[in-house]
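Asks: The residues making up each chain are set out below.
Number of protein chains: 2
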Amino acid sequence: MEAANRGAIQDEIRFVARAEGCSPEALMRRVAKGAVVILKVPFGEGSEALGIGEGLRIKVNTNVGTCSDLVDTDLELQKAKLAVSLGSDTIMDLSTAGDLDGIRRSLLHSLRVPLGTVPIYQAAIDSIERRGSIVDMDEDYILDVIERHGKDGVAFMTLHSGITRSIVEHLKGQPRVTGIVSRGGSFLTAWIFHNGKENPLYSQFEYILELAKKYDFCLSLGDALRPGCLADASDHLQTEELYTIGRLVERARKAGVQAMVEGPGHMPLNQIAANVILEKAVCKGAPYYLLGPLVTDLGAPYDHIVAAIGSAVAGMAGADFLCVVTSAEHLGFPMLEDIRHGVVAAKLAAHALDIVRIGENAMELDLRMAKARARLDWDEQIRLSIDPERAKKVHMAVPTKTGACSMCGPYCTYKILARYLGTDQVMTEKCL
Amino acid sequence: MEAANRGAIQDEIRFVARAEGCSPEALMRRVAKGAVVILKVPFGEGSEALGIGEGLRIKVNTNVGTCSDLVDTDLELQKAKLAVSLGSDTIMDLSTAGDLDGIRRSLLHSLRVPLGTVPIYQAAIDSIERRGSIVDMDEDYILDVIERHGKDGVAFMTLHSGITRSIVEHLKGQPRVTGIVSRGGSFLTAWIFHNGKENPLYSQFEYILELAKKYDFCLSLGDALRPGCLADASDHLQTEELYTIGRLVERARKAGVQAMVEGPGHMPLNQIAANVILEKAVCKGAPYYLLGPLVTDLGAPYDHIVAAIGSAVAGMAGADFLCVVTSAEHLGFPMLEDIRHGVVAAKLAAHALDIVRIGENAMELDLRMAKARARLDWDEQIRLSIDPERAKKVHMAVPTKTGACSMCGPYCTYKILARYLGTDQVMTEKCL
Chain F
1 MEAANRGAIQ
11 DEIRFVARAE
21 GCSPEALMRR
31 VAKGAVVILK
41 VPFGEGSEAL
51 GIGEGLRIKV
61 NTNVGTCSDL
71 VDTDLELQKA
81 KLAVSLGSDT
91 IMDLSTAGDL
101 DGIRRSLLHS
111 LRVPLGTVPI
121 YQAAIDSIER
131 RGSIVDMDED
141 YILDVIERHG
151 KDGVAFMTLH
161 SGITRSIVEH
171 LKGQPRVTGI
181 VSRGGSFLTA
191 WIFHNGKENP
201 LYSQFEYILE
211 LAKKYDFCLS
221 LGDALRPGCL
231 ADASDHLQTE
241 ELYTIGRLVE
251 RARKAGVQAM
261 VEGPGHMPLN
271 QIAANVILEK
281 AVCKGAPYYL
291 LGPLVTDLGA
301 PYDHIVAAIG
311 SAVAGMAGAD
321 FLCVVTSAEH
331 LGFPMLEDIR
341 HGVVAAKLAA
351 HALDIVRIGE
361 NAMELDLRMA
371 KARARLDWDE
381 QIRLSIDPER
391 AKKVHMAVPT
401 KTGACSMCGP
411 YCTYKILARY
421 LGTDQVMTEK
431 CL
Chain G
1 MEAANRGAIQ
11 DEIRFVARAE
21 GCSPEALMRR
31 VAKGAVVILK
41 VPFGEGSEAL
51 GIGEGLRIKV
61 NTNVGTCSDL
71 VDTDLELQKA
81 KLAVSLGSDT
91 IMDLSTAGDL
101 DGIRRSLLHS
111 LRVPLGTVPI
121 YQAAIDSIER
131 RGSIVDMDED
141 YILDVIERHG
151 KDGVAFMTLH
161 SGITRSIVEH
171 LKGQPRVTGI
181 VSRGGSFLTA
191 WIFHNGKENP
201 LYSQFEYILE
211 LAKKYDFCLS
221 LGDALRPGCL
231 ADASDHLQTE
241 ELYTIGRLVE
251 RARKAGVQAM
261 VEGPGHMPLN
271 QIAANVILEK
281 AVCKGAPYYL
291 LGPLVTDLGA
301 PYDHIVAAIG
311 SAVAGMAGAD
321 FLCVVTSAEH
331 LGFPMLEDIR
341 HGVVAAKLAA
351 HALDIVRIGE
361 NAMELDLRMA
371 KARARLDWDE
381 QIRLSIDPER
391 AKKVHMAVPT
401 KTGACSMCGP
411 YCTYKILARY
421 LGTDQVMTEK
431 CL
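Protein chains in written order, with our numbering: chain F, 1 to 432; chain G, 1 to 432.
None of these hints come from the bench; they were simulated from the model.
Incorrect hints may have been included.
Unchecked claim - Here are the simulated lysine-lysine pairs, DSS-like style, with alpha carbons at most 25 Å apart: (1) Lys214(G) <-> Lys172(G); (2) Lys172(F) <-> Lys81(F); (3) Lys254(F) <-> Lys284(F); (4) Lys151(F) <-> Lys40(F); (5) Lys254(G) <-> Lys393(F); (6) Lys172(F) <-> Lys371(G); (7) Lys213(F) <-> Lys254(F); (8) Lys81(G) <-> Lys40(G); (9) Lys371(F) <-> Lys172(G).
To be verified - Here are some of the chain F residues that sit facing chain G, going by a computed Cβ distance under 10 Å: (10) Thr96; (11) Gly98; (12) Gly102; (13) Ile134; (14) Leu143; (15) Leu171; (16) Val398.
A virtual CB, placed ideally from N, CA and C, is assigned to each residue, including glycine.
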């Protein structure tokens, strides 16, 4: 960001501009004003990098990571690789059990996409071991963990710096149905209440900015107070946190540190656009990283579909970065199939949005698919599918010898109209 | 509709008003002006009926029906019953093989929801048997089939009356990527080209209105020219057909016949609202029955998710009635699991829309779910799921003894904050 402010076009900017099909100069200006962030791929080749924000393709993140009940580094690597193979642009490591440093480093060295983390998880969990509890977590240790992640090459970190002591006091007076549903947010809130002190991610924000510059990571300002159900949406707490985050974004920009903003959680469909527009206004165009939005509380085990709906509406209003919601959301730890459903749903939403954001250049594959359909070219249709294996299985489920699919069989519109419209289908003499 | 025009509140209106929680008088006014249609449940008890349109809950239809490659009446009944059990409000019989009269009557007598049909399918397929081809289909026979469906108690029929001889002439001059993708539309277009005559569903519209009055069925004016891919969306052909349909809606209303309008097919996200608003303007508020919208051509075998995205955006703009798109769309004949995925996705979109359309009354279950989550009441959460069996399976996939789910385990936010926020969770001493 500093280089962009000086007007210096770095190799990463050129790499992203090429990938996105835009000019390096225009991209640099957006980076300089903070409307685009560039995430590094630390162990990639040359200057691989990923751009997120204004005018760029919508990006998708997938969370992986161990839990107390299942520590299996190989499984997490498999989940991450599956997600990337389906088009996930970044991976976040949300591990909460096992060798946290080791898992993070395995992911960093195994993937060719930017890796994100939530350092407060490790700080809290290590504190249980070191001091017996989360609430006795040492302030300096939190900063040490952030530095360790930075040193390792983490590209972006969720930091819940916007949840302050004064905001959480309101939680007691204005109870929500689901209180706080951010795990990091709950660790920090418990710490604030227990110690009667300010959130270290807020009070030590200047030092965090120094670390971000030194190790070149992007801040992802976490929405610890995102609503956990529709009834809590767009309340005073959520919005007060957003305004705090807006001020932090400005401080980050002054320091030459990149920042994006997370939100908005569970929310009725008709509140989403307002929340995205508010984020863009309050945070002066900072890239918006979607958690959800989930437009009903009743979606589990199909919250990947609920999130695809919410993401599409948020993306139309200007959101830039989708986080995969798996089909295990609200129910348990996601396994491989949950990741697959989640990434597919998010990628479909992202692609539908790119068609609006980028226009014809994003529609090339859609046009190829449409042409393959019109000429009943099943091999090409299956090849172009986001999930060729499953597409083939569904296509073959009811065998047909008509050349069409089993739904219409001899009554396929492409066959019926070929004679009259001069297309190249073989007619089924049976019908016409 | 005639009774509503006279100001007579019929029992069906009272039934629907009770189900929707609105006043019979207000509902009657909306029926009289054509903004709401009432569909009968012919073999239900008493005056069961279903309302679709302005101010009412969004409704969902599921298509079932045999195909040439698989004729199994029991399977179609099973599909219909599964769909209804998941909340489908209506069923359409799209059978194209086997004993068409028998299958339709089985569905009519087995279901307690309004049944819809597409009579042109039966007219065309019978014509192949009777005269050797679709294009030799007899005009009177088409009307006979409509009458037969009416007599049987069909509540609504898709009639492609808006695709006229003058419109299809443009198809030759302005080729689309995917031409016509409506099966009924392709039968009629082939017939028009072959015979050089006007579409009988247009030229005989007055007689069709007489049949509709006599047998009390609702017209569902089919969009034979809906785009079959994004590249064809919102073209002249689609819009010219819509304006023709708008004039037919007016003629239907003058005759005291109920009508809804189908649309808009494949379409980029940012064109959907315009198409819905155009339909409402051109058809003077007639209920809009969604086919799709599909916001990318690349979705198969996940077009149920693509349609959920499109439906939500269309519903926000005023659409009233969703048609389930199954996970077999574009690939083949849908089996039970495809129906399940499709209905679940459509119901989630419809419910998210109802929360906006109806407000708090539609959020009751969401609030119960949110409260169940906050007290970690898994039995209630699974009971409230749209698919309890699958919800339970996902919840149990990774066993945990923490009382929370396996995702967070001991680091469950509800447990961590219970001490400070005075909620009723048992603390895990390990953490705090």
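Asks: For which of the previously enumerated hints does the structure constitute a violation, in increasing order of number?
Replies: Hint check: 1, 2, 5, 11, 12 and 14 fail, others pass.
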